[in-house]
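S.K.: Below are the chains, spelled out letter by letter.
Protein chains: 2
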Amino acid sequence: MAVVSVQQALSGSIAPGSEVTVRGWVRTNRASSALNFVNVSDGSCFDPIQAVATEALANFETEVKKLSAGCSVIVTGTLAPSQGKGQKFEIQATAVEVCGWVEDPETYPIQPKPHSLEFLREVAHLRPRTNLFGAVTRIRHCLAQAVHRFFHEQGFYWISTPIVTTSDAEGAGQMFRVSTLDLANLPRDAKGGVDFSKDFFGKETFLTVSGQLNVEAYCLALSKVYTFGPTFRAENSHTTRHLAEFWMIEPEIAFADLNDDANLAEAFLKYLFKAVLAERLDDLAFIAERVDKTAISKLEAFVNAPFERIDYSEAVSLLQKSGQKFDFPVEWGLDLQTEHERWLTEQHVGRPVVVMNYPEQIKAFYMRLNDDGRTVAAMDVLAPGIGEIIGGSQREERLDVLDKRMAQFGLDPEHYGWYRDFRRYGTVPHAGFGLGFERLVVYVCGLSNIRDAIPYPRAPGQATF
Amino acid sequence: MAVVSVQQALSGSIAPGSEVTVRGWVRTNRASSALNFVNVSDGSCFDPIQAVATEALANFETEVKKLSAGCSVIVTGTLAPSQGKGQKFEIQATAVEVCGWVEDPETYPIQPKPHSLEFLREVAHLRPRTNLFGAVTRIRHCLAQAVHRFFHEQGFYWISTPIVTTSDAEGAGQMFRVSTLDLANLPRDAKGGVDFSKDFFGKETFLTVSGQLNVEAYCLALSKVYTFGPTFRAENSHTTRHLAEFWMIEPEIAFADLNDDANLAEAFLKYLFKAVLAERLDDLAFIAERVDKTAISKLEAFVNAPFERIDYSEAVSLLQKSGQKFDFPVEWGLDLQTEHERWLTEQHVGRPVVVMNYPEQIKAFYMRLNDDGRTVAAMDVLAPGIGEIIGGSQREERLDVLDKRMAQFGLDPEHYGWYRDFRRYGTVPHAGFGLGFERLVVYVCGLSNIRDAIPYPRAPGQATF
Numbered sequence: 001m002a003v004v005s006v007q008q009a010l011s012g013s014i015a016p017g018s019e020v021t022v023r024g025w026v027r028t029n030r031a032s033s034a035l036n037f038v039n040v041s042d043g044s045c046f047d048p049i050q051a052v053a054t055e056a057l058a059n060f061e062t063e064v065k066k067l068s069a070g071c072s073v074i075v076t077g078t079l080a081p082s083q084g085k086g087q088k089f090e091i092q093a094t095a096v097e098v099c100g101w102v103e104d105p106e107t108y109p110i111q112p113k114p115h116s117l118e119f120l121r122e123v124a125h126l127r128p129r130t131n132l133f134g135a136v137t138r139i140r141h142c143l144a145q146a147v148h149r150f151f152h153e154q155g156f157y158w159i160s161t162p163i164v165t166t167s168d169a170e171g172a173g174q175m176f177r178v179s180t181l182d183l184a185n186l187p188r189d190a191k192g193g194v195d196f197s198k199d200f201f202g203k204e205t206f207l208t209v210s211g212q213l214n215v216e217a218y219c220l221a222l223s224k225v226y227t228f229g230p231t232f233r234a235e236n237s238h239t240t241r242h243l244a245e246f247w248m249i250e251p252e253i254a255f256a257d258l259n260d261d262a263n264l265a266e267a268f269l270k271y272l273f274k275a276v277l278a279e280r281l282d283d284l285a286f287i288a289e290r291v292d293k294t295a296i297s298k299l300e301a302f303v304n305a306p307f308e309r310i311d312y313s314e315a316v317s318l319l320q321k322s323g324q325k326f327d328f329p330v331e332w333g334l335d336l337q338t339e340h341e342r343w344l345t346e347q348h349v350g351r352p353v354v355v356m357n358y359p360e361q362i363k364a365f366y367m368r369l370n371d372d373g374r375t376v377a378a379m380d381v382l383a384p385g386i387g388e389i390i391g392g393s394q395r396e397e398r399l400d401v402l403d404k405r406m407a408q409f410g411l412d413p414e415h416y417g418w419y420r421d422f423r424r425y426g427t428v429p430h431a432g433f434g435l436g437f438e439r440l441v442v443y444v445c446g447l448s449n450i451r452d453a454i455p456y457p458r459a460p461g462q463a464t465f
Numbered sequence: 001m002a003v004v005s006v007q008q009a010l011s012g013s014i015a016p017g018s019e020v021t022v023r024g025w026v027r028t029n030r031a032s033s034a035l036n037f038v039n040v041s042d043g044s045c046f047d048p049i050q051a052v053a054t055e056a057l058a059n060f061e062t063e064v065k066k067l068s069a070g071c072s073v074i075v076t077g078t079l080a081p082s083q084g085k086g087q088k089f090e091i092q093a094t095a096v097e098v099c100g101w102v103e104d105p106e107t108y109p110i111q112p113k114p115h116s117l118e119f120l121r122e123v124a125h126l127r128p129r130t131n132l133f134g135a136v137t138r139i140r141h142c143l144a145q146a147v148h149r150f151f152h153e154q155g156f157y158w159i160s161t162p163i164v165t166t167s168d169a170e171g172a173g174q175m176f177r178v179s180t181l182d183l184a185n186l187p188r189d190a191k192g193g194v195d196f197s198k199d200f201f202g203k204e205t206f207l208t209v210s211g212q213l214n215v216e217a218y219c220l221a222l223s224k225v226y227t228f229g230p231t232f233r234a235e236n237s238h239t240t241r242h243l244a245e246f247w248m249i250e251p252e253i254a255f256a257d258l259n260d261d262a263n264l265a266e267a268f269l270k271y272l273f274k275a276v277l278a279e280r281l282d283d284l285a286f287i288a289e290r291v292d293k294t295a296i297s298k299l300e301a302f303v304n305a306p307f308e309r310i311d312y313s314e315a316v317s318l319l320q321k322s323g324q325k326f327d328f329p330v331e332w333g334l335d336l337q338t339e340h341e342r343w344l345t346e347q348h349v350g351r352p353v354v355v356m357n358y359p360e361q362i363k364a365f366y367m368r369l370n371d372d373g374r375t376v377a378a379m380d381v382l383a384p385g386i387g388e389i390i391g392g393s394q395r396e397e398r399l400d401v402l403d404k405r406m407a408q409f410g411l412d413p414e415h416y417g418w419y420r421d422f423r424r425y426g427t428v429p430h431a432g433f434g435l436g437f438e439r440l441v442v443y444v445c446g447l448s449n450i451r452d453a454i455p456y457p458r459a460p461g462q463a464t465f
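First to last, the protein sequences are chains F and S. Going by the numbering used here, the residue at position 324 of the first sequence is 324; the numbering climbs one at a time, nothing skipped. Going by the numbering used here, the residue at position 75 of the second sequence is 75; the numbering climbs one at a time, nothing skipped.
By construction, these hints were calculated from the structure, which means they are not laboratory data. As the structure is a prediction and not an experimental result, all values here were calculated from the model.
One copy or any two copies: either way a pair holds, since identical chains are not told apart in the list.
Heads up, simulated EDC-like pairs for lysine to aspartate or glutamate below, C-alpha to C-alpha not over 20 Å straight-line: (1) Lys321 - Glu339; (2) Lys203 - Glu235; (3) Lys198 - Asp182; (4) Lys198 - Glu235; (5) Lys321 - Asp311; (6) Lys270 - Glu346; (7) Lys325 - Asp335; (8) Lys203 - Asp182; (9) Lys113 - Glu289; (10) Lys274 - Glu153; (11) Lys203 - Glu122; (12) Lys321 - Glu308; (13) Lys321 - Asp335; (14) Lys404 - Glu103; (15) Lys270 - Glu308; (16) Lys88 - Asp47.
Modelling step: build the complete structure from the supplied sequences, incorporating the hints.
M.R.: This is how it looks when you write it as structure tokens:
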């Protein structure tokens with residue numbers, strides 16, 4: 001008697017007639033005269049397996065008939081081809097052992113019926129038991145594995161950059177303070193301000209908003225590196241597109257320009273989506289049925305489409321000539337808004353688009369100034385159905401130009417000492433990009449709220465876990 | 001002319017006589033009459049490749065002869081078998097393009113000579129250019145990849161548990177507060193205390209010390225799950241064994257007891273060390289030569305040794321009868337100290353040891369009470385040369401027993417509402433373990449200070465990055 005996962009039992013790799021044991025949680029329990037059909041899920045794949053229990057079982061009346069959604073069971077029996085619709089195998093049970101009952105089946109939050117996503121966010125510790133969040137969790141895993149595998153196969157090394165940091169990376173987002181100071185008794189400096197020299201790290205520290213600056217230094221030693229770790233933005237945003245805590249992926253490549261960066265982004269995204277199509281078609285099929293009809297077709301189209309590349313200046317001109325009415329103005333020197341990006345990728349090109357070379361004044365100080373003196377080697381990758389999915393740039397490797405850009409942005413060179421420093425020693429052209437991991441999950445799973453793309457969701461003003 | 005990595009150029013997979021380009025940083029530049037031997041590293045593997053530059057190069061006198069450690073170069077030439085000692089291939093250069101000079105070679109921090117580890121921690125943005133930290137970075141990457149690969153192959157799903165949390169997991173470590181409150185103007189509640197309802201998440205929040213409690217809930221839906229993410233302890237410790245920020249790995253398995261947990265720990269560690277032996281023998285060889293003579297042999301012994309299992313009570317009795325003089329007392333009911341653990345694994349057994357079933361009063365509230373009523377199903381995995389490397393337990397899945405344990409530890413059941421909750425719905429025996437990722441890196445790389453096992457080291461009172 002072998003203990004197998006539901007995935008193994010349904011895979012066809014075990015000979016019918018074999019004695020097997022599966023362990024999991026009851027999804028449904030349907031009575032049919034002297035039989036009960038107990039669907040058991042263990043999360044190993046989308047489908048549960050059906051156990052056919054007969055009154056021959058000693059606990060048929062006392063236990064099996066009373067099983068309800070959420071009860072945990074150990075089912076032993078014979079694996080057999082199934083007559084049931086949509087399932088190739090079932091288990092003809094010779095034993096059904098009940099591990100754990102559901103305290104009050106009437107009030108069990110995860111009933112076998114659709115739940116509102118708002119409600120499920122409140123019971124995040126139970127929502128992985130639903131079809132949707134089981135699927136999201138497995139797809140998220142598949143994407144994360146593919147991220148690591150892609151970079152490993154391409155010769156990249158994973159670098160974990162500091163989470164608690166004194167650096168604010170690009171001065172972009174609002175930051176969370178990290179401190180061990182006693183709020184009831186804050187140490188004061190001579191001027192009456194808070195004395196951060198008494199704090200844990202001897203300085204004012206924050207949660208990182210990006211590992212990019214740190215990983216660049218490793219790039220200038222190991223050539224190909226990437227981060228994949230949590231980052232934080234303390235923006236008090238209640239939109240469906242923002243998370244205060246999210247995982248970010250940031251590759252960085254040496255001896256590379258913006259074109260190399262765009263090539264990497266294209267190869268990377270295609271690799272991830274191919275992996276999901278190859279490994280999680282079961283979960284995608286459910287999502288296509290219930291959430292987003294295009295779940296499979298959009299990924300297939302994506303992996304087969306050559307990315308278009310458009311210069312920012314050309315994009316502005318295309319938008320101006322489009323005849324389309326936009327809410328936000330289109331003008332050289334202004335950033336593109338989501339409506340513009342979506343028109344470009346969805347209406348104009350119908351494929352993913354890389355917009356390149358943005359005006360220098362709307363982009364971060366570390367992006368490389370182009371020879372025209374008014375644009376930087378920055379790129380955004382736009383995809384149909386989501387808009388911007390990746391942002392990247394070639395980095396300013398020339399220390400004198402970097403210093404001018406920092407002065408222009410009012411940044412203190414002292415504060416960026418080490419970042420300036422490694423450009424003094426064998427600097428090289430280098431480039432990289434960043435993308436929010438949960439944005440990928442949202443895209444693949446067709447989710448409308450990014451809070452559903454992370455295991456434990458939280459919004460400003462609301463932390464249950 | 002193909003651009004290849006140094007690893008590819010040295011691997012033997014490219015036919016001698018091929019025209020290749022490598023890009024990297026100069027390690028050494030040795031003159032020999034009308035030749036210069038320029039060693040170039042790109043971090044793709046331990047070894048640099050030697051480029052042989054002759055006076056036939058147009059920039060031989062003006063540039064090539066002036067190259068010093070740290071300069072970045074693009075070398076093109078013919079791949080040829082090398083006569084040099086310890087290298088199979090070299091490049092007979094037809095062009096050496098200098099990308100970036102070193103501003104002042106005399107003061108460049110990474111000279112081609114040994115540096116103190118203390119000094120290198122101050123220049124963490126440059127230390128990956130040294131032999132040691134190149135090796136540590138690649139081994140760290142290899143271990144991280146192997147972690148994900150092992151779990152993926154075994155059917156586990158990766159879960160990212162919250163970094164910012166309201167929960168203190170086990171009440172074990174001191175925690176960092178995470179806040180966006182204005183320290184100069186703290187909001188007050190009616191009693192004059194700080195009003196955390198005004199804070200970002202509407203509650204007092206901290207950096208997580210462990211994802212275990214959160215991942216347990218996912219285990220009770222997906223059966224096999226794991227975390228691999230950063231965790232934090234605000235202990236003001238200046239020892240060589242503690243980090244305030246470190247990465248932790250926490251698998252959790254359903255329908256499992258302490259023996260299953262020990263089996264998983266053994267299979268896991270052996271898989272990791274086999275991966276390092278298979279993939280990073282180049283870096284291990286350097287570490288064996290310079291840092292720890294046993295670097296390779298200890299891993300080989302580890303993967304070939306069946307783990308011993310000893311009951312805590314038996315371990316105490318063995319220690320008491322050992323005739324060994326210990327600094328700390330040995331007595332049933334007291335925790336084992338490092339000296340005891342190392343005697344057990346190094347002197348007594350000579351192999352990794354799993355000590356199981358500890359007194360309940362010295363272990364966390366969530367560990368499962370054994371039938372004897374005085375021990376819990378906890379385990380520590382001890383390894384020769386390092387002591388404790390993994391700590392784990394079967395979890396208390398019986399809600400009534402858990403509640404008694406929480407009361408005994410003075411914990412507020414309200415605060416653990418959701419953690420108690422999923423035990424009411426189809427509870428099952430489950431178990432898991434945790435290990436600090438940097439401890440693994442320390443062990444494999446033979447490091448004496450754990451700060452050298454993380455890319456950007458920091459100590460209490462000292463945050464440079």
